[in-house]
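**Student:** One-letter residues, chain by chain:
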Amino acid sequence: MAERNQLTLHLEAFVDVTRSPTEQAESLKALAFSLDNDFLSLDQLVREMEMYLTTTDNVVRARGILLLAEILNCLKAKPLDNAVVHTLLEFFTQKLEDWRTVRGALVGCLALLTRKDTVGMVTAIDAQAVGKSFVENVSVQSLARHDRKLAFELLECLLQQYSGAIMTLGTILVYATCEAIDGEKDPQCLLVAFHIIELLAQLFPSSSGPVASNASDLFDVIGCYFPLHFTHKKDDEAGVNREDLSGGLLLAFSSTPFFEPYAIPLLLEKLSSSLPVAKVDSLKCLEDCAIKYGVSRMKKHYGRLWPAIKDAFFSSTGTHLSFSLESLTSPGIERDEIHSEAVNLLQRLLKQDISFLSFVVDDIDINTVIDTISRHSQYKEMPDTNKLEVLVISQILSVSAKASVQSCNIIFETFFFRLMNSLGISEKTTTGIHVHDENSTVSIRLYHGGLYLCIALLSASKDHILGFEECSSPPGCLQESWCSLVRSFSVSLIRVFTSAVCSSNDCVEDVYLGVKGLLTMGTFSGDASPVSRSEFEKILMTLTSFITAKSGKTILWELALKALVCIGSFINRYHEHDKAMSYMNIVVENLVSLACSSHCGLPYPMILEATSEVCSTGPKYVEKLVQGFEEALCSSLSEFYVNGNFKSIENCSQLLECFTNKLLPRVAEIDGLDKILVHFALSMWNQIETSGVGCDFYGREFVEAAMATMRQVVGIALVDSQNIIIQKAYNVISSSKLPAMESIPLTLVALEGLQRDLSTRDQLILSLFASVIIAASPSASIPDVKSLTHLFLVSLLKGYIPAAQALGSMVNKLGSGSGGTIVSSDCSFEEVCDIIFHTAFASGKKISSDGSGGILCGSETNLSQLCLGLCGSLDLQTRAITGVAWIGKGLLMRGDKRVNETTLVLLECLKSTNCPTKVLHPAAMKHAADAFFIIMSDSEVCLNRKLHAVIRPLYKQRFFSMTVPILESLIKNSQSPLSRTMFLVALAHVISNVPVAVILDNTKKLHPMILEGLSVLSHDSVDKETLYSLLLVLSGTLTDIKGLESASDNAHIIIECLVKLTSYPHLMVVRETAVQCLVALLELPHGRIYPFRREVLQAVAKALDDPKRRVRQEAIRCRQAWASITSTSTLSEVEFRD
Amino acid sequence: MVSGLINENPIVYQKQERRARPQSSNTDELSAEAIDQLEIFDILFLLHFLCFFLTVTEPNCKHFKQVFFGDAIIKLLGSEIWFQSKQLDIPHIKDPEHPYSLEELKVLTEDSVEVDDDKSYVRVTFTPTVEHCSMVAIIGLCIRVKLMRSLPDRYKVDIRIAPGTHATEDAVNKQLNDKERVAAALESPNLVEMVDECLLPSFE
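Here the protein sequences line up with chains A and B, keeping their order. Take the first sequence: its position 602, counting from 1, is numbered 602 in full-length UniProt numbering, and each next residue is one higher. Take the second sequence: its position 169, counting from 1, is numbered 169 in full-length UniProt numbering, and each next residue is one higher.
Calculated from the structure, these hints are not laboratory results.
Taking lysine-lysine and the PhoX-like style, the derived pairs with C-alpha atoms no more than 20 Å apart in a straight line are:
1) A:K1102 <-> B:K156
2) B:K119 <-> A:K1108
3) A:K76 <-> A:K116
This one's a predicted model, so the numbers in the text were calculated from it and none came from an experiment.
So that you can see chain B by itself, here it is in the shape it has in the complex:
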C-alpha cells in the first residue's frame, strides 16, 4: 500500500516582519479602534499545526503525493467526513517533529483576510500547501472556530479556499460554511479535541 515513506522537509517561508501598530490612538479614551485586517490576522497568527509531511505513493497512481498531517489526526482516522486518507499506514510515522504555524507555511497571509467592521463581516481565504492536502477541512475548521471564539457575536464569518488551489475546492467550501455540518462536526469529541489542540498555543 505505502511503498515509500520519506520524511521530507516542507517549504518553510520566513515569517514576514510584523507590521507594528502605531500607538497614537491610545491616549484618547473615546476614540474607537475598529477591528481591522491586521487584528484578524493577529488572532490567527499563532495557529499551529504539529505537522509532518509524508511523501506517499498510492498503489494506483504513480506520482508522489504530499500529505499534510496533523498530530491529533491519528486519533481521528475514523471520522471520514473530515479526513479521507484512511489507507495510510500510520504506524510507520516516526518523526513528528515540525510544529509550524500556518503563517510559516504561507497557508495564511495578512492579505488573505478581508474585514468590514461596519458590516460585521469577515472573510478568510487560505491556501492549502498542496492540491491534495487532506487537511484543508481541518484547517478551515480551526480558523472558523478560532474566529468565532474571538470575534463579537455580530460577525459573520466566511472561510474559503483560495480559488484553484485545491482539488475538491467547492465541496470543502460548502462544508466549511454550512453551519449544520460545522455544528455536527463539533459534536464529535475527537474532532473538538483536535481543534482545541491546534488552537491551544494561539491563546497564549
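Bound-form chain A, shown alone:
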C-alpha cells in the first residue's frame, strides 16, 4: 500500500503544473527507476494513470500523456513485449489528433519508434499508421518551438528508419512536409528540416514519383533560405552555427536532380550578388549540384555558368602580383574563399564534362588577351585592368589545364602555340638546327604578360606528369600532345627565360619571371619529362652561373639560389637518380670547389651561404659538402702556415661558423655520416699538429669557431668515434709542449711565471682539447686522466676558462658511463676529486709579483685556500674561484656531495671579516658572488644535454634549498655592508635561476630579501642584468595568488622599491617591468594599496615622460589603472594642471 501511495504522490507531482520543474524531474526519474528494476510493471502504471490519461481536463491530460511518454523515453533500453509496444503506439498515434496533448504524443511516438529491434520494436504497419496520423492531424507550424522540433524529429525518424512503410503515403507525405517546413525560422528545427528534404529525395528517386512531380513546391520551401542569413550569437545554446546550417541547406539543394530547373537559376542569381557569403555559398552549392545532378542536366546551364564563374574569378583576384623571394614557390597572388571555391567549381565541371572546355577555349576575353599579350612589354606599364585580365586568365587556363589530361591537351593546342608565336618564340625545327644561334636570343623582345601566362601553363601541366608517375605508366604522357608541344619549344623557352634574366638591367620583373620560368622548366619530373636531360643540365648550369657570377648579393643571386634549392629538394623528394647525378656534377661540385678555392670574385660568406643551402637538400650533397669543407679548411690553413695569409684564417673562421651553424644540424639528422665527421675532426687535429711553431697568430674568432665546431662534432659523434677523436687529440697534446706543464712543480712561483710559457699554438691545442673533453659522452674513454687533470688544473689557474669547463665536465661525467664499465682504467672519480681539491701547491717563498700584494704563506696550500686568498695574487684567487665554480657546477649536476664543500668555500669568500690575516679583495668577492651564476645558469658551451652532461633532476631546487637558508642567516647577521651586498648578489643569482614554483612556496621568506637585493643592485649599472632577472622573479610572484598574499604584507616596501625602479636609468626593460609590476599590484586588497595611490601616480606621471616609448606606453596603462581605483574624484585632482 505504501508503494501505491508513493506512486500516486509521484504522479501527482508530475501532473501538477504548479510544482517546480526539478520536483517533476525527480518524480519522473523515480518512476522510471522503479519500472526499469521491475518494482513496478508497466501494466500497473498505466492502470494507475488511467484517470490522468483520459480526463477531460486538458492540462492534466496533457501532463499525464507527457509523463507516460517521458517514462517510455527513459526505458528505451528495457525489453518490452511487442504487444505492449503496439498498444502504446496505437494510443500515442491516436493522441496525435488531440492538439492539446500533441507534445506527449510526439515524445511517446518518438520514444517508441527509436527503440532497437532487440528490445521490442514497432512494426511497419504501426509506423505507417503513425505517419498517416501525423500527416493528417499535426499542423507543425502552429506548434511551439520545442514541439516543432519534436515533430520534425519524428518525421526524420520515420523517413530514416521506416522508409519502406512510410513510402506508401506518397504524395500526401510530400505535401505535408512542405506544409510543415514552410515558414520555419528556428535554426535547430531548420537543421532537421533540411535533413528531412534530403531523406525525402532519397525515398522517391524515380522520375514519376511524388518528389519529381512536386519538386517545384518542395524547392520553393527551402529555396527561400538561400543564401543563409544567420544572425544568432556564436554560442547558441544548442551549438547550431552558420556552417552547419548552410551545409545542411546545400545537401538539401543537391539531394535530388529534380531540383535542377529551380536551383541552378537561383544559385546563378545569388552568385551575381555583391555579398561575399552569398558568392561562396553559391559556388559551393553549384559544385555539389554539378556532381549530383549529372552532366546532362547541367549542360543546359553551361551558357550562364561560364560567365558567372569568370566573374567570380575577376572579382576575387587582386591586381597585385608579388615578385618577392617567397612567392617563387607559391602562387604569388592573394586568394580568398570565393577564389578557391570558383577554382573547385571550374575544375569539377571540366572533370565531369570536357565539352565545358569549349566555353573557355571560345571565350572572347581570353582570346583577346592572348592576341594582344604583346601590347605591353613591361609589367609595370600595364594598366590595372590589363594586369587583372592577364592574372585571371592565367588562373582560368591553369585551372583548366590541371583539370584533366584531355583538357590540358586542348588548352595547350589552342593557346600555347599562339602564345609562343605572339612572344616570338620559335619551335625547334625537325632537323634540330635552330633558327637562332646562341647569341641572337637577346633579340627576342620580352613580354611580361606572356611570360607570366606561359609559366602558369607550364606549371599547371607539371601536375599531370606526377599523376602519371603515381599510376606507373610513364610512357603515356609522352604521347600526349601538350607534352610534345612543350618538348618542341623547350629549347627556345629555356633560352628566352635565360635571356630574360641576362638582359634584365636589374629589372626585378624580368629577373623574377626568368628565374621562375627556369625553375618551372627544371621541375618537370620523371623520365617522361618534356625537358630532356641535356636541357635540364643547361638550366642547372645557367642558374649556377648566376650564383657564381661576380655580382654581389643581388635579387638575382637570391632568386637563383632559391630556385636551385627548390630543384634540389624536388629531386630529393621524387628520387630522380639521373637528375640527382646532374645536380651533383653541375651544381654541388661547382659550388664546393668554389668554397675550396680562396681566389674567386665572390665574397666568401656568400659562397658559404650558397653552398650550404644547396647542399642541405640531399644527404649525398651534405656528405660531399663536409668533405669539401674539410678540404677547404686544410688548404686555407696550410695557405696560412706557408704564406702567413691572414685572409685565409679569416675564411677559416667563417667556414667553421657556417659548418657548425648550418651544416651540423643537418648532418645530425642523417644517419651514417659519422665517419666523415670523424675524418673532419681528425684532419683539423692533423693540420694543427703539422703547423709550424713559427706561425703563432690565430685570431680569437678562429679559436672560438674551431672550439665550437669541435664541441659540436664530438657531441654529435657516436661513442666509438669520440674515442678515436679523443685519442688523436691526446696524441697531439702529448707531442706538444703542454705535458711539460704537468711536470711543473706546483709552486706558486712557477704558476705565476707560466703566463709567458705558452705559445698561441699551445693555447689553441689546449682549447681544442678542452672542447673535446667538454663534449665527450660519459661512456667515452679518456686516457691518462691523472695527468690531464693536472694539466687542466694548472691551466685554469693560469686563466684558461675552457680548462675550467673541461674539469667541470670531467668531474660531471667520470665513472658514470652507461653499462657500469670502468671507462678510465687508470683513475677513478675519487682520485680526480682528490687531485683537484687536495693538490698541494708548494710555496714558502715571499711572493711579490707586483710589489703590492706581498703575502707570506704557509708551506702548502690547496685550491680552496687559493680561493680564500690565503696566498697568491689576486689574479690567482679570482681564477681559482671561477675554476671552483665550474667544478662545483659539474658536481652539483651529477648530484655529488662534494658540491657542499665547494659551496661553503665560495660562501666563505663572500664573507669579509676584520681579521687581518684574511683580507678579501672586493673583486674577489664579486667573482665569488658571480660564481653562483655560473653554477645555477644554463650554459651554452658546456654541461648541457647536447654535450652529454650527467644531469640529475631537480638539481637547481636542491642547490636552492641548500644555499638559501645559509645565505639568509648570513645576510641577517652580516655586519659589513660590502659582504651584505655580495650575499644579496649571490642570492639574486640563485633565486633568479630556479623555477618560479619553488619561489612561490617561499615567497614570505624571500620577499624582503628580493626587495633588499633590488635596492642594493640598483646602485650600480654593472649589475643591471642581475637586477632585471631578480625583478622578473618579483613580477612572477606578483602574478600568483600565493605570492600576492605575501606581497600584501610587504606592500609598502614593494611599492617603494618599484617606484624607485621606474626611474632606473641603465636598463629600459627594468623600468618597463617595474611599471607592469605596479599594475599587477592592483590585485591586492583596495585598503592595502589605496594609501600609496598618490605616490604611485606621481612616479607614473614621471614615467609618462620616459625617453623610451615602450615605458611610456606601459605608463599610460598603469596610470589609468591606478587612477581608476578611486572614483571620479581623481580626474579633477590629476587631470587639470594646465
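Given the structure of chain A, go ahead and fit chain B onto it with the hints provided.
**Tutor:** Only chain B this time, still in chain A's reference frame:
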C-alpha cells in the same frame, strides 16, 4: 516631432594599415625616442564610440540630418552645454549596435596630429562626420582627456575641429580649449562617466 527614424549605416572607412615602427633603436639604452605623430595617434587609436546613426527630420526644416550618437548620451540629455538635440525622441532607438573607432569613421587620421616634443606642444585636428554632428564637443573632450592622461605634464594640448567642417566650429573650439569650461564639464559625474566609457577600450 520625429517623423522618421531610419537606422542607416554610416560610411565606414577601411582602417589604414598601421605603419610599423622600426625596431632598431631598442638596442641602445641611452638614445631617447621622442614622442611623435604616430605615438600620439596610437594613444588615440582605440577611441571607440558606441554610436548609431539616426536620420531625423526636424519639424521646421525639410532636409535630413544625420545625428552622431553615443550610447552613454542617453543619460546625458540633461546637460545642454554639451548636447543640444534634446528634442529627439530617444525611446525609439532600437538598435545601438555599431561600435566604431574614430579612425574607422575618419574622424581622426594620423596626419591630423601635429606634435613638437621639444616645445611640448600637441595639436589634434578632428573632422566631424557631418556638419551638424552634435557629438563634436564630446569627441573633442574625449580626445582631450585621453591625451591629458597619457602625456607628460609638460605638454600643452590643443584640440580643434577641422576648418569648415562644422556649423558651430568657433564656439566648439573655444569650448574645448577653455580650461575652466573643461574642468567644469568634468565636474559633472554623468559626463565623466560617459568620457570614461568612451576611453575604456583604448586602455586595453
